Structure formats: C-alpha cells, structure tokens
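> What follows is the residue order along each chain.
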Amino acid sequence: MHLSTRFRRGQRLWLLLLPTLLWIGLLFVLPHIKLFLLSFMDRRSGAFTLANYAAFFNSSLYRNVFVRTTTFSIVTTLLTLFISFPAAFIITKVLGRKMKALALIAIVLPYWVSELIQAFTWMILFRETGVLSYLLQYLGITHHNIEFLYHNSTIVVGLVYTSLLFMTIPIINSLDTLDDSLIEAAYDLGGDFWSTMREIIIPHAAPGIMVGSIMVFMLNLGNYVTVTLLGGKNSLWFTESIYNQFIVRFNQNQGAAFGVILLTFSVLFVWIVLKITKQDLTEAM
Amino acid sequence: MKSKINAIVMAVLIMGLVLAACAPGATPTPAPEEGAPAQKSERVLRMLTWEGYAPEELVNKFTDATGIKVEVTYIGDNNELIAKMAATNGVGYDLVSPTLNYVSTAQDEFGIYQPIDISKVKTDQFTKAYLDSILEQSKFEGKSYALPFVWGTTAMVVNVEKAPDAGQSYLDLCDPQYEGRVSYRAKYDTLYMFAYALGLDPAEAVKDEESYRQVMNQVRDKLIECKPIVRTYWDSRQQLEELLTSEEVWVATSWDAIAWTLAKDDARFKYVVPKEGAVGWFDTFAISAGAEDVDAAYEWINFVMDPHNAAVIVNNTGYQTASEGSAELASPEIAKLVAESLPPEKMETIKWYFPLPSYATDIQADVEEQIKAAQSK
Numbered sequence: 000m001h002l003s004t005r006f007r008r009g010q011r012l013w014l015l016l017l018p019t020l021l022w023i024g025l026l027f028v029l030p031h032i033k034l035f036l037l038s039f040m041d042r043r044s045g046a047f048t049l050a051n052y053a054a055f056f057n058s059s060l061y062r063n064v065f066v067r068t069t070t071f072s073i074v075t076t077l078l079t080l081f082i083s084f085p086a087a088f089i090i091t092k093v094l095g096r097k098m099k100a101l102a103l104i105a106i107v108l109p110y111w112v113s114e115l116i117q118a119f120t121w122m123i124l125f126r127e128t129g130v131l132s133y134l135l136q137y138l139g140i141t142h143h144n145i146e147f148l149y150h151n152s153t154i155v156v157g158l159v160y161t162s163l164l165f166m167t168i169p170i171i172n173s174l175d176t177l178d179d180s181l182i183e184a185a186y187d188l189g190g191d192f193w194s195t196m197r198e199i200i201i202p203h204a205a206p207g208i209m210v211g212s213i214m215v216f217m218l219n220l221g222n223y224v225t226v227t228l229l230g231g232k233n234s235l236w237f238t239e240s241i242y243n244q245f246i247v248r249f250n251q252n253q254g255a256a257f258g259v260i261l262l263t264f265s266v267l268f269v270w271i272v273l274k275i276t277k278q279d280l281t282e283a284m
Numbered sequence: 000m001k002s003k004i005n006a007i008v009m010a011v012l013i014m015g016l017v018l019a020a021c022a023p024g025a026t027p028t029p030a031p032e033e034g035a036p037a038q039k040s041e042r043v044l045r046m047l048t049w050e051g052y053a054p055e056e057l058v059n060k061f062t063d064a065t066g067i068k069v070e071v072t073y074i075g076d077n078n079e080l081i082a083k084m085a086a087t088n089g090v091g092y093d094l095v096s097p098t099l100n101y102v103s104t105a106q107d108e109f110g111i112y113q114p115i116d117i118s119k120v121k122t123d124q125f126t127k128a129y130l131d132s133i134l135e136q137s138k139f140e141g142k143s144y145a146l147p148f149v150w151g152t153t154a155m156v157v158n159v160e161k162a163p164d165a166g167q168s169y170l171d172l173c174d175p176q177y178e179g180r181v182s183y184r185a186k187y188d189t190l191y192m193f194a195y196a197l198g199l200d201p202a203e204a205v206k207d208e209e210s211y212r213q214v215m216n217q218v219r220d221k222l223i224e225c226k227p228i229v230r231t232y233w234d235s236r237q238q239l240e241e242l243l244t245s246e247e248v249w250v251a252t253s254w255d256a257i258a259w260t261l262a263k264d265d266a267r268f269k270y271v272v273p274k275e276g277a278v279g280w281f282d283t284f285a286i287s288a289g290a291e292d293v294d295a296a297y298e299w300i301n302f303v304m305d306p307h308n309a310a311v312i313v314n315n316t317g318y319q320t321a322s323e324g325s326a327e328l329a330s331p332e333i334a335k336l337v338a339e340s341l342p343p344e345k346m347e348t349i350k351w352y353f354p355l356p357s358y359a360t361d362i363q364a365d366v367e368e369q370i371k372a373a374q375s376k
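Here the protein sequences come in this chain order: A and B.
For the first sequence, counting from 1, position 23 maps to 22 in numbering that gives the first Met the number 0; every step adds exactly one.
For the second sequence, counting from 1, position 311 maps to 310 in numbering that gives the first Met the number 0; every step adds exactly one.
Next comes chain B alone, as it looks inside the complex (with noise of 0.2 Å):
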C-alpha cells in the first residue's frame, strides 16, 4: 500500500515539475534581491534584438568600459517580439529594437514599452532629421516610445548586363519582357511598392479600414496580373542572392544590404532606386515595461550610438545607423555605393513605412494569401 501512495506522489511531483518548466512566463528570471538592488559588479542588461545589433566586439567593449554584463536574445521578425514581450508584460527584457511601424501600435494593444526619457540620451550622436522623426512618429497618446538606430531601404537589384533598361520604375518587375526572370516577396513591402507605382497612397489610405482594403485589392489585381511574369516568390536572403548569381532572375526587389554586398564583389548586379522611391524601414531603440535596468538601457543607447561603435554595426550589418558619422567610419566602398544609389535627391523620396492598425496588418495578410492562391501558369 505505501509504496503505492510513493509511486503515485513521485507521478504527481514529476508531472509537477513538467508543467512548472514548460508553463509560459515560468522561465527563471530571477528577481533582484530586495536588498541590493544595483549593485556594480551584478549589473545586467538584457536585450531583445536583430542578428547583427549587438555584435560581441562591442558587447566585450561595452562591459569592459561600464561593468554592465550583457544578455542577448536574437529574434526573428516584429510579431515574435510582440509575442515575447505580451507574453510577461516586457519582463525579462530591458531593451529591445522594434521597427518603427509597429512600436505605437503594440504600445496602443499590449502595453510593453515605456516613454523615453530624452534627457538620458546623448542627442548630438544621432543624425537630427531621424532623431526628430522617430520621436514623433513613435508618440501614442502625446508620449514618444522609440529612438532610431538602423535603418535600411527596399528596392531593386538589377543585372546590369541582362537587363540594362530595368529599374525605371516597380511596374518593370511585370514587364513581359522580363518573363521569368523576375522575383520578389509576395509580402508588404511589395504591396507598397506596386500601390505607389500605381498611383496610390497606401499611407494615407491605412487610416481607414475601408479605403485601406480598396487600395491593396487593387495591388492585389495587379500582382495577380503580373504572375505570369514572376519566377518564384524570393523569402530569405540566401534564396535571392542564387536567384542573382545563378543569373536565373535579372530583376528583383531587394533588401539594400543584400544588393550592396552582391554589387561590392561584382559589378552584374546594382541596387537601384525607381522613380516611385525606395521603401524604408527603422529599427528602433524602445524601453521594455517591465526593465529592471533602466539606466543600463540608456547607456547602452549612448555607447552603441558613438559613430566608432555604430561603425562596427554598419559593417556588420550593411545597414545604415542613425548615428551621425557612421557610415563614413564604416566601409569605405560599401559608403560609396549608398551614396550612388541613395544620393540626397534619392533619400527625399524614401516611401517610410507607416504605423499599422491590426486591421491593416489583416488586409495584407488576405491579400499576401489571394495572391499566392491565385494560379497561373
């Protein structure tokens, strides 16, 4: 009889221990000690970030100069750290780098971010038109959340030697001519680029549920037009570059750093800006809700946003920062060709993207699905 009360509260304890170690929000993150809340030597920052953003070359030097250990999660795309973040409030992280379009909008339905407190933040390393802008359009309900860091443009990357003429404008990439030999995300960033090519103002039109569907159904009937004329939907990094080098497709829309580190090696490939203007992005600095070190937080901003250091991303990364000076520090040739391909008369013309209400991010999804269903030959 005991041993079979034993066996069964060793069934129960286990499955106990299961639970506790799969539950959601149960992972260890130690609270800080009533006590001693900050002490020097036990300093941690924790960061949810991109590949590529806290390289460890500056994370050595960072806890070097401060004493602050670092911590680094990597994610994949904006909706995982939503998720992540929703999931306990922005506990267990400090600092985390959103893209801009989805800062205000996940404040407005979760809550994660707290304000910035600009007077912590060194403002003279950051480029002054992106510091203004970012803080203005990441404010929900009159309080700014985010602060720039990099940024980076989509467009196109044409062969040159297959396709000289390519690259006016994103109504190329549905050009017969060009039959099979063209290939792009069937994703956001192409429905915006094809609702500009249009004519349309995708931007304005997302303020309002309505006209916003009527907008990227047009996009839609054109995409569904244009298949005929695509090769394959490109969805990662590695797949494009084959797609180019394999000289299997001549036209694509492309990542910049994507074009840029093709065209440095050989001169095929260029990254081109059409007539309708690139489509940008920001990844931004935003503070977690539920920091326990808000002060590290900052000093990381600080340390990271030091052309020298911002440097080290650039090159890492080969995207741009907005830390004034960067890109010059960066690599020389790598600098040479954004500032071909984005001259300052290019850079007016950058199509940011604009904050998306959760009926919108719907709208793409439905039309992202129409578009893949749809058959063509």
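Just chain A, same shape as in the assembly (with noise of 0.2 Å):
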C-alpha cells in the first residue's frame, strides 16, 4: 500500500518534470544536435566535410574576431565582479531589511526593460550630441561635443550593465548564508578588513562568484544586439559573423560550424576555470 502510493507519486511528480524535458529536448537538444550535423555537412552536396571547421582555422579573419570577442567577455566579467561584490556585500551585510529590499528592487527594476531598449538608452546618453556630452560642457569640463559611442570601450560599459544582474544575485545568494558571527569571530582573532574578505568572506562566496561569472561570460560571448548597436566600425563581434553566414551568405553549414566552435570552446572555457580555482561544478550550482 505504502509503496504503490509512493510509485504513483513518483509517477506524478515525472509528469510534473514533463513541460521542461520537452522545452530543453525540442528547443535545445534537438536545434543542437541539428546544428552539430549541419556543421560536417558540405554546403551543396549534404555529403560529410570538415571544411566548415577548416574555414575557421585556416582564416586568421574569424580567428581574431574570436580572440577579439573572448579577450572582451573576460575583461567583461571580472568588471562585472568587480562592481557586483562590494555591492552584494553591503545589500546582504550592511543594510537593513529595509533598505536591503530597496536595494534588490534598484538592481532588478532596470531588467524590467528589455535589452534592446538599454542599448538604444545608452545611444543617446553616450551620442556626441547626446546626455553625457551636454552635461560635460553645461560643467564646463570641455567646451565642444565629445563622442562617446562606437568605440571599444562603449561595448564593455553596455555588456557590463546588462549583465550585473546575473553577478550580483548569485553573489547576494551565497553571502546570504555567510553567519554574520564568523565574520565577527575574525575580528575578535585580530583579523582585519583584508584578511577577513580573503580568509572568510571570499572563500565562502566563492560558489556564487563562479555562477554569476560563468553566466555572465556566456551572456557576454553570445550577445548581439547590444553589441552591434554600441560598436563602432572597429566592433566585429563572432556572433555577428555567425549571422552573417546564416542571414548575408545563405551558408548554414559554415554557419553552424561557428556555433558549435562557440559553444565548445565556451564550455571548455568554464571547465577549465573551474579546474584552476579547485571549483566544482554540482558545488557552485
């Protein structure tokens, strides 16, 4: 009796599980799997090729357009970090319950709009004849307009603000379970502010850290639109040279052999950083 009610639970709960096979199987596996055969398939013939990889490295074109758009997403995310942590410190251990509500809302409320929208924000703050070069000039900082968009730099700012959502929330996650009273107990041992952020605090933020770094990375090598819409004429990024197979060329073979170059060498990527730092995955997640 007691196990053919547990069986049919079990049974229930596996049709639960149900709506997020089907959305991971038909919308990812499936397309990926599809995509991986698309890549060893010649262009024409359908027959098996690896001229598709080939093309890659054999261009030192796409090579450095990669290089380019990795170099950018590390540089990226450890900006990322680097605002997120302190913030995510004082959100969990310095404000109120209060302000810490207000502070979570403050981070959140700018994803209420979508990317797109961010992007096109920043254009007119950052147009020579935009907010920021106005506001320069009204300080009497400069006296002619100065362009702020399409440059390198530009990308970096817009990927930085899209992305510090997915850094701070893993990181406010985790410190959120940090007691307050270890924290006190290395003062009381004579620790002081560094030690006890390297000792203490850092170590046990650590699986945070690598989430939101990991996602964030992904989020930034896979972007578009901010990309395109912030570069200048300098700014190819891989992601635009995967489109242009696919949309400009007519080519979805070539096409989907730079997506699975993508998604290899970012998974490869993640695992190796989680080797280095001694992280493991199941830990982190």
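No lab work stands behind these hints: they were computed from the structure.
Keep in mind that this is a model prediction, so the values were computed, not measured.
One thing to keep in mind: the hints can contain errors.
[What the hints assert, rightly or not] Here are the in silico distance ranges between beta carbons for each label pair:
#	chain 1	residue 1	chain 2	residue 2	range
1	B	Asp76	A	Phe27	21 to 29 Å
2	A	His143	B	Gly110	34 to 42 Å
3	A	Pro30	B	Ile349	22 to 30 Å
4	A	Ser58	B	Ile349	29 to 37 Å
5	A	Pro202	B	Glu178	50 to 58 Å
6	A	Asn57	B	Pro175	33 to 41 Å
7	B	Lys119	A	Asn63	51 to 59 Å
8	A	Leu103	B	Ser357	22 to 30 Å
9	A	Pro30	B	Ser235	24 to 32 Å
10	B	Gly179	A	Leu103	40 to 48 Å
11	A	Val28	B	Ile117	50 to 58 Å
[Stated by the list, open to error] With a cut-off of at most 20 Å between alpha-carbon atoms, the simulated SDA-like pairs for lysine to any residue come out as follows:
#	chain 1	residue 1	chain 2	residue 2
12	B	Lys335	B	Gly151
13	B	Lys83	A	Asn233
14	B	Lys376	A	His150
15	B	Lys186	A	Asp279
16	A	Lys232	A	Met217
17	B	Lys186	A	Ile182
18	A	Lys232	B	Asp220
19	B	Lys226	A	Asn151
20	B	Lys376	A	Arg67
21	B	Lys221	B	Arg236
22	B	Lys350	B	Glu135
In this text, a Cβ means the ideal position worked out from N, Cα and C, and glycines have one as well.
Combine both chains into one complex, guided by the hints.
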C-alpha cells in the first residue's frame, strides 16, 4: 500500500517534469543536434566534410574576431565582478531589512525593460550630441562635443550593465548563507578587513562568484544586440559573423560550424576555469 | 500499470503534437478542396512583400472590386524571401516581390518562380523602358520571371550648410576634410559605389569569379584605407536620420527616399547624385511556382499598376514605381525633389544592381567582413 502510493506519486512527479523535459529537448537538444550535424555537411551536396571547421582555423580574420570577442568577454566579466561584489556585500551585510529590499528592487528594476531598449538608452546618453556630452559642457569640463559612442569601451560599458544582475544575485545568495558571527569571530581573533575578506568572505562566496562569472561570460560571448548597436566601425563580434553566415551568405553549414565552435569553446573555457580555481560545478550551482 | 501506460501514451502524444507544430513546412496551409477549386467568394491572394507595398487602403479597394481576399506577409530582406520560398518550393504564396538581381539566380538554384504570362498583363500601364528592361534582365533559360514594380536609388545625402562642396564623387566619402563626419553602410551598395568611383566595372567583372574577387579586393583596400574618415557604418534608416539631423554626420550614402523625406522638411539636406551615377535597385512582381491562384496574382498586378493606385504606394514608401504617370499623381513636393535630383541625364547614369551568382554573394560578404574587422583609429 505504502509502496504503491509512493510509486504513483513518483509517476506524477515525472509528469510534472514533462514541460521542462520538452522545453529542453525540443528547444535545446534537438536544435543543437541539428546544428552539430549541419556543421559537418557540405553546403551543396550535404556530404560529410570538415571544410567548415577548416575554414575557421585557416582564416586569420575569424580567428582574430573570435579571440577579440573572448578577450572582451573576459574583461567584461571581471569588471562586472568588481562592481557586483561590493554591492552584494553591502546589500547582504551592511544594509537593514528595508534598505536591502529597496536595493534589490533597484537592481532588478532596469531589467524590466528589454536589452534592446537599454542599448538605445545608452545611445542617447553617449552620442556626440547626447546627454553626457551636453552635461560635460554644461559643467564647463569641456567646450566641445565628445563622442562616446561607437568605441570598444562603449561595448564594455553596455555589456557590464546588461550583466550586472546575473552576477549580483548569485553572490547575494551565497553571502546570505554566511553567518555574520563568523565575520565577527575573524575580527575578534585579530583579523583586519582584508584578511577577513580573503580568509572568510571570499572563500564562502566563491560558489556564487563562480556561477555569476560563468553566466556573465556566456551571456557576453553570445551577445548580439548590445554589441552591434553600441559598437563602432572596428567592433565585429563573433556572433555577428555567425549571423552573417546564416543570413547574408545563406551558408547554414558554415554558420553551424561557427556555432559549434563557440559552444565548444565556451564550455571548455568554463571547465578549465573551474579546474584551475578548484571549484566543483555541482557545488557551485 | 495501466496508468503508467496512459502517462507514456500522453507524453508521446504531446511530444508529437509539439513536434508537428514546430516542423518546418507544416504550417497550416489548407489545400483547396478538389471539388470546389475557385469559388468566387473564397478566393485568396497570398503575398510575400515589403512593408508599404500592399497598403491596407489598396488591399481593401482590391477586395471590394474583385472579391479576392488578400493575405500579406512581410519580409526584411531578399535572402529571407528566398529562404521562405525555398522551404516549401513556393507553396503557400502566390505573388512575391523579390529585388531584380535576385530573381534569375534564385530561379536557377531553387526553381521557386514560374514564367510571366505577359498576355495577362496590362502592359500599357507600365513605363515601357522599365518593362522591357526588367523582362530582359529577369530571363532564365529564355523565359522572363519578373515584372517591374518599385524602384529606388542609392547615392549621397549632403548637409549643404556644413559640406557645401561634397557630393561630386563617391570618393568624397574618403576626403580627410570630412574626417569623422562621414557615414555609409559596410554593405554591397557601398562596394559598388566605390568600385565605380575607382573606375572599375563590377557588373562586367561579376561574370567571372576570379575577376570579381580582384575588383572587390581593390574596393576593400580602398575602404580600409578610408576607415579613419568614416564615423560609423549605418545600418538602419532611423540610425542614418539621427546621424544627419544631429549634424554628427555631414556626408553619407543614402537611399533616395530617406534623403527626400528629410529634404522635404529641412533645407539643410540634399540628395546628390555624383558623377559616377546613383546605384539603382528594382523590386519586381514574380509569381510563385507553387501559386494556387495565378489569375488573382495578375489581377493584383493590373490593379496596383493603375497609376492612381501606384501613387498610393509612392506616397506610402517614398519610392518610385514603374507605373506610368504615378509620380505626378503622388505628392507634388516629392515629385519635384525627384525631378531635381534625377533629371533625365542623371537617370541614364544609374548603375542598376546586377544579378549575383552565389560566389559573388560570398565574395561581397568576405569583403564586408574584412572591412569591418580591420582596426583603425
């Protein structure tokens, strides 16, 4: 009796999982299998070929664009971490209940508008005849218009902004579980701010930092909207190359190969970083 | 046990349903019933076209006059059109509006159109020069696949207060005195402009892969050399308008409709055709190989090319049509600007887009990426 009810309950649980399984299966696994297969096919005959991958490794252009994209993503992830960590720390350990709730809302609020609108907002602020340029002149800091848009640094600002939330929330989560008395104990035992930070707080927050960094790195690597809108004449992003293959050149197979390369590389990169920092993914997540 | 089987059956069913809904080509396009093919009240014309080419005003008028319902799907670019058509061999659409230079190559590669039956077309509504030229240029294996519809040009827009001397040649886009005040697209139209400005003939070179690569590589080197001059590569109408009205950019390449719309309200802006000539495109009518109601498609063509109706499209889009007399019936302000910037002698210098073999699309895309990837200050 007991066993059979438990059995049935287990079955219903399985049914509850169905939407998620369908979601992952149909929208993630299936398309990626298709993408993987496409990447090994010749554009015209459909026969097996490695030419699509060779095209990537033989072209200095695509390699450079890829390296640039990765470098920018790493820089952006680090910058995001430097901005997010103090914010998360203050929210969890310094602010009172009410202020904490307010701060959380303030962090989430900007994400109620889409990434596209965020990018357009940055354009209004940054353009030569934009708000920032006007403000600097009004304050007398400069006497002519300054163009902030269409630089590589503009992309970094935009990307950091769009990824702040995904870094801050995991860190807040991990810091929340850190008992305040541990920090007090560290001070009682003669620790100063930096040693407490180094020995107690950062090790405890490491899983959150890891999750945040992985998410932010992946989001940046795969970003398209912010990069194409804010970037200028020198900023070809790897996702734009993938887009070009599919849409402009009509070459699904080459595009698929680029997609697989991007996916493989980012998974590999995350794995290596986890190994180096001796973090366990199951623990981190 | 039974409930377990039920659960599995249910799961499979749901999976199947979702798969069916997602599968390409399985979009519900009810086939006409064998018994009653074309009942007057049920005729439907399905069009794949650009925004503004089938305005509601005309659609309603057409349905009132003929009883044929019209369903319009909009496209964003020619490759999207070809992809949609190729996915079903044209089934699901009757009438489409590809740009001329994509017609014969797409027919060659995918066979998505059917030949034009000129006997069903009211040819006297068309400007004869356009009709003859498009019928000729859309030929594949001796048959014509397209009729002229809407055309436009790409040349330069100049802020006459800031850069009164600009616009003589496309090479002005590379003039150091306008450093940081120039914008153009990192796309094929700019490649053509610079090719002509460098004294090359891309329309001739395109017939051979090697010679086309040579021509495009020369253009690429020039554009990389010019990269410090350009402020940014524009890629949407809204972006170009902002760059111009804020006076962040003084000299740019521009579609004629964008420049005329700006110039109509603002004397600072002028659409200028330099000595190399404007680059021109022609959107056409083509009949789908999988069309279910071919006659409805021709009825629409004859209806839209009536100059009174075509004038509605001119006003809607800012582009010109191949319907004789439609320009005069449309906005007199725009007609005046058109006549000013494209007098007959300038019309003759228009460099029409040429058909692109698939290797040419690749070469252009290569060059576009190389230009964008090059680093400059």
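> Please flag the earlier hints that this structure goes against, numbers listed from lowest up.
2, 3, 8, 13, 15, 16, 17, 21
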